[in-house]
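Q: Single-letter residue listing:
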Amino acid sequence: MSEQINTYTVSIYTENNVGLLNRISAIFQRRKINIESINSSISEIEGVTRWAIVVVISDEGIRKIIGQIEKQVEVIKAYYHTDDQIIYQESCLFKIKSDLLFEDDQIKNIISANHARIVTVERDFFVLEVSGNKNEIEVMYRELKPFGIMQFVRSGRIAVTKEELKISTLLQAFSA
Amino acid sequence: MEIVTTVSKKENAPKTTERISGSEAIVRCLLAEGVDVLYGYPGGAIMPVYDELYKYQDKIHHVLTRHEQGATHAAQGYARISGKVGVAMATSGPGATNLITGIADAQIDSTPMVCITGQVSSHLLGSDAFQETDIVGISTPVTKWNHQVTKASEIPEVIAKAFYIAKSGRPGPVLIDITKDAQFEEFDFEYKKCTAIRSYNPVPDVNVTALQKAADLINTAKKPMIVWGQGVILGTAEAELKAVIEKAGIPSAWTILGASAIPTAHPLNIGMVGMHGNYAPNKLTNECDVLIAIGMRFDDRVTGNLKTYAKQAKIIHFEIDPSEVDKNVKTDVAVLGNAKESLQQLLPLLQEKKYPEWHQQFKDLYAVEFEKVIKNDIHPTKEGLTMGEVLNEINIQSKGDAAIISDVGQHQMIACRYANFTTTRSNITSGGLGTMGFALPAAIGAKMAAPDREVVMIAGDGGYQMTIQELGTIFQQKIPVKIVVLNNEFLGMVRQWQQLFFDKRYASTEMVNPDFVAIAKGYSIEAKKVTKRDELKEAVSEMMASKEAYFLEVCVEKEDNVFPMIPTGASVSDIRLC
Ligand SMILES: Cc1ncc(C[n+]2csc(CCOP(=O)(O)OP(=O)(O)O)c2C)c(N)n1
Numbered sequence: 001m002s003e004q005i006n007t008y009t010v011s012i013y014t015e016n017n018v019g020l021l022n023r024i025s026a027i028f029q030r031r032k033i034n035i036e037s038i039n040s041s042i043s044e045i046e047g048v049t050r051w052a053i054v055v056v057i058s059d060e061g062i063r064k065i066i067g068q069i070e071k072q073v074e075v076i077k078a079y080y081h082t083d084d085q086i087i088y089q090e091s092c093l094f095k096i097k098s099d100l101l102f103e104d105d106q107i108k109n110i111i112s113a114n115h116a117r118i119v120t121v122e123r124d125f126f127v128l129e130v131s132g133n134k135n136e137i138e139v140m141y142r143e144l145k146p147f148g149i150m151q152f153v154r155s156g157r158i159a160v161t162k163e164e165l166k167i168s169t170l171l172q173a174f175s176a
Numbered sequence: 001m002e003i004v005t006t007v008s009k010k011e012n013a014p015k016t017t018e019r020i021s022g023s024e025a026i027v028r029c030l031l032a033e034g035v036d037v038l039y040g041y042p043g044g045a046i047m048p049v050y051d052e053l054y055k056y057q058d059k060i061h062h063v064l065t066r067h068e069q070g071a072t073h074a075a076q077g078y079a080r081i082s083g084k085v086g087v088a089m090a091t092s093g094p095g096a097t098n099l100i101t102g103i104a105d106a107q108i109d110s111t112p113m114v115c116i117t118g119q120v121s122s123h124l125l126g127s128d129a130f131q132e133t134d135i136v137g138i139s140t141p142v143t144k145w146n147h148q149v150t151k152a153s154e155i156p157e158v159i160a161k162a163f164y165i166a167k168s169g170r171p172g173p174v175l176i177d178i179t180k181d182a183q184f185e186e187f188d189f190e191y192k193k194c195t196a197i198r199s200y201n202p203v204p205d206v207n208v209t210a211l212q213k214a215a216d217l218i219n220t221a222k223k224p225m226i227v228w229g230q231g232v233i234l235g236t237a238e239a240e241l242k243a244v245i246e247k248a249g250i251p252s253a254w255t256i257l258g259a260s261a262i263p264t265a266h267p268l269n270i271g272m273v274g275m276h277g278n279y280a281p282n283k284l285t286n287e288c289d290v291l292i293a294i295g296m297r298f299d300d301r302v303t304g305n306l307k308t309y310a311k312q313a314k315i316i317h318f319e320i321d322p323s324e325v326d327k328n329v330k331t332d333v334a335v336l337g338n339a340k341e342s343l344q345q346l347l348p349l350l351q352e353k354k355y356p357e358w359h360q361q362f363k364d365l366y367a368v369e370f371e372k373v374i375k376n377d378i379h380p381t382k383e384g385l386t387m388g389e390v391l392n393e394i395n396i397q398s399k400g401d402a403a404i405i406s407d408v409g410q411h412q413m414i415a416c417r418y419a420n421f422t423t424t425r426s427n428i429t430s431g432g433l434g435t436m437g438f439a440l441p442a443a444i445g446a447k448m449a450a451p452d453r454e455v456v457m458i459a460g461d462g463g464y465q466m467t468i469q470e471l472g473t474i475f476q477q478k479i480p481v482k483i484v485v486l487n488n489e490f491l492g493m494v495r496q497w498q499q500l501f502f503d504k505r506y507a508s509t510e511m512v513n514p515d516f517v518a519i520a521k522g523y524s525i526e527a528k529k530v531t532k533r534d535e536l537k538e539a540v541s542e543m544m545a546s547k548e549a550y551f552l553e554v555c556v557e558k559e560d561n562v563f564p565m566i567p568t569g570a571s572v573s574d575i576r577l578c
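Chains A and X, in that order, give the protein sequences.
First residue of the first sequence? That's 1 in my numbering, and the numbers climb one at a time after it.
First residue of the second sequence? That's 1 in my numbering, and the numbers climb one at a time after it.
Some hints could be false.
Stated by the list, open to error - In silico DSSO-like links for lysine-lysine, alpha-carbon gap of 27 angstroms or less:
hint, chain 1, residue 1, chain 2, residue 2
1, X, K193, A, K71
2, A, K64, X, K330
3, X, K283, X, K330
4, A, K77, X, K327
5, X, K167, A, K77
6, X, K327, A, K71
7, X, K167, X, K84
Just so you know, these hints were derived from the structure itself, not from any lab.
Chain A with its partners taken away, still in its complex shape (with noise of 0.2 angstroms):
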């Protein structure tokens, strides 16, 4: 049993249920574990929410929480992975003085360096958008820092396995 601490990516399967972000979060809670990252949404299967949760713990931990996590009813599936197993992303968004963007030319370099797109530009300020993992959104904000960052906000981590989860058929052999 291993005690060395990775980071992984956990992909949970669910019912769309009131309260299951609750009782999901309560059993990391419970072993006093952070959450780095969470997110919710829809997937690939029509009614199935898919959840990405993002911590840093040891090998053996990772795998008791898979454990807990799948025994609760509305879960259908719970996965584990580190980074190499997962294509996965972050997005942000900066809002930044309007002026700058069209006074500094620096910044339009940076916006194109780092393949930033522009969401809006209004009368006193504009709206980068920018996805990537979470390196390059620490560069994009060094870079972006010293001409004043008026908000800043990052996502949490989403990710596809390179594996195949196999998802719609364990629910085709249910309904079967």
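With the hints as your guide, set chain X with the ligand onto chain A.
A: Just chain X with the ligand now, kept in the frame of chain A:
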């Protein structure tokens, strides 16, 4: 109530439904699930349901307990002795929060229970309305499933799911919170039992390869040992376990919650494991070469220090709940599935064996324990009465037929150690949570579910007073339970720890007690107090002969300790005899 056949416009097909209120639907759902008795306490937010219970009182018996905690423990006692789902009901707010201890107890001890709470009307949710509490939020970590209903039409499906979830797979408590407007609302009622939920796989399939591996390990073992738990009882696998034990000739021990699955007197029953378990099975856990765990979860009170627990042994784990595998003890072979099926399939793969020398080791260590502990517990020569001799007297007079409902503390360990069981589901006690106050209300439920059985409750003077008000329930319902209080005028188990580990600093463990006999008599319960050895036999016999509830207080030695004992953090093989 009339049955109307409505023709649904959409489908144009006749449909047999009845238009009834949500509250009536709740009662009808309970009836459809075969519920004949439930325990609870009324209040504003659940009144419409009580109004229906009044109408249906010839079909379903509602027992008014004296506290909602009592209702949950009674439902637990009912479930534990019968295997059926226990049902408890309460109003919103304080009624609902009073259920929590019992729910947590049922969760950790895998007891099938459905709790129904009333809730403020849906338009008031979240407004801090009178007696509004977020009971779904509060109960989430201690329920197998919970759900809030705000529309009458949801009631049948949700209640059907509740019963299915509570009793299937590894059982547990479910809470359904129903707003008052949903109780009043009328709808077209129709009930269908729930038989499957797509996101829920209650019983994993038995893996044949794992089973064969387990059989191979067992067949080649030199010193195999079985430890079984409540999974055997919950899975009604008692006969299958007995067959396996007898064919393979394996010495077999039990956890507290597994007690009584195999009769105490069975020659291969080597006693209890854990903190106050028997000497031999604890010691030899660290000597066996194959440890076969069946329907048990390696609780820390069973394993002691995990770093030194059965390290020399190959571990086989028969378990219904995948999350229990490798949770505390790393297994070599895990056989998932229901104990009944797994053991049935295991039996033909096993060779007939006997291990006379290995078995003799258990007998030798038993002799040591008998000499150092048991003899003095059950046949004491000192003046003061011991808890053990009371248990021994109950054994003799009940011929081991009684169901023993124990509370939490020294008397509980003594009851589990010395009760002589002949019938399964006879040891009902709060194991995982260790809930003082469990026994008296649990005994009510147990006696009601098994009226033909002798039900003897055993509590300490501390725990007894945590739910003593349930004497009122016993009085009102005329429930013929036998109530034994082993009075040492201390919170005995805590005092024992203070003596052993805190230099006898008896902080807040001494009890100044009321006249228990007078209290019982106040409820018109026949009562007696025993202070001397020569009064014990007759008092127990009077109690056993009584056809009604009976209260017996036995004043025992104040500062006796329970041994053997594995101190917290110590290894099972470092079990102390004194
Ligand atoms: C509700 C609750 N509170 C506190 C405890 C801690 N506790 C465990 S055993 C015990 C003492 C029990 O005393 P008593 O009921 O007199 O039984 P005895 O040990 O003397 O047999 C206490 C306080 C508990 N288990 N449950």
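Q: Now tell me if each hint is right for this structure.
A: Quick rundown of the hints versus the structure:
1. Simply put, K193 of chain X and K71 of chain A have alpha-carbon atoms about 22 angstroms apart, close enough for the 27 angstroms limit, and the pair holds.
2. Restraint check for K64 of chain A and K330 of chain X: satisfied, since their Cα atoms lie roughly 12 angstroms apart, inside the 27 angstroms limit.
3. With a C-alpha separation of about 20 angstroms, the suggested pairing of K283 of chain X with K330 of chain X holds against the 27 angstroms cut-off.
4. Distance restraint check for K77 of chain A and K327 of chain X: the Cα-Cα separation of roughly 19 angstroms lies within the 27 angstroms cut-off, and the hinted pair is therefore satisfied.
5. The straight-line distance between the Cα atoms of K167 of chain X and K77 of chain A is roughly 22 angstroms, inside the 27 angstroms bound, and the hint therefore holds.
6. Simply put, K327 of chain X and K71 of chain A have alpha-carbon atoms about 13 angstroms apart, close enough for the 27 angstroms limit, and the pair holds.
7. Between K167 of chain X and K84 of chain X the alpha-carbon distance is near 8 angstroms, which keeps this suggested pair within the 27 angstroms criterion.
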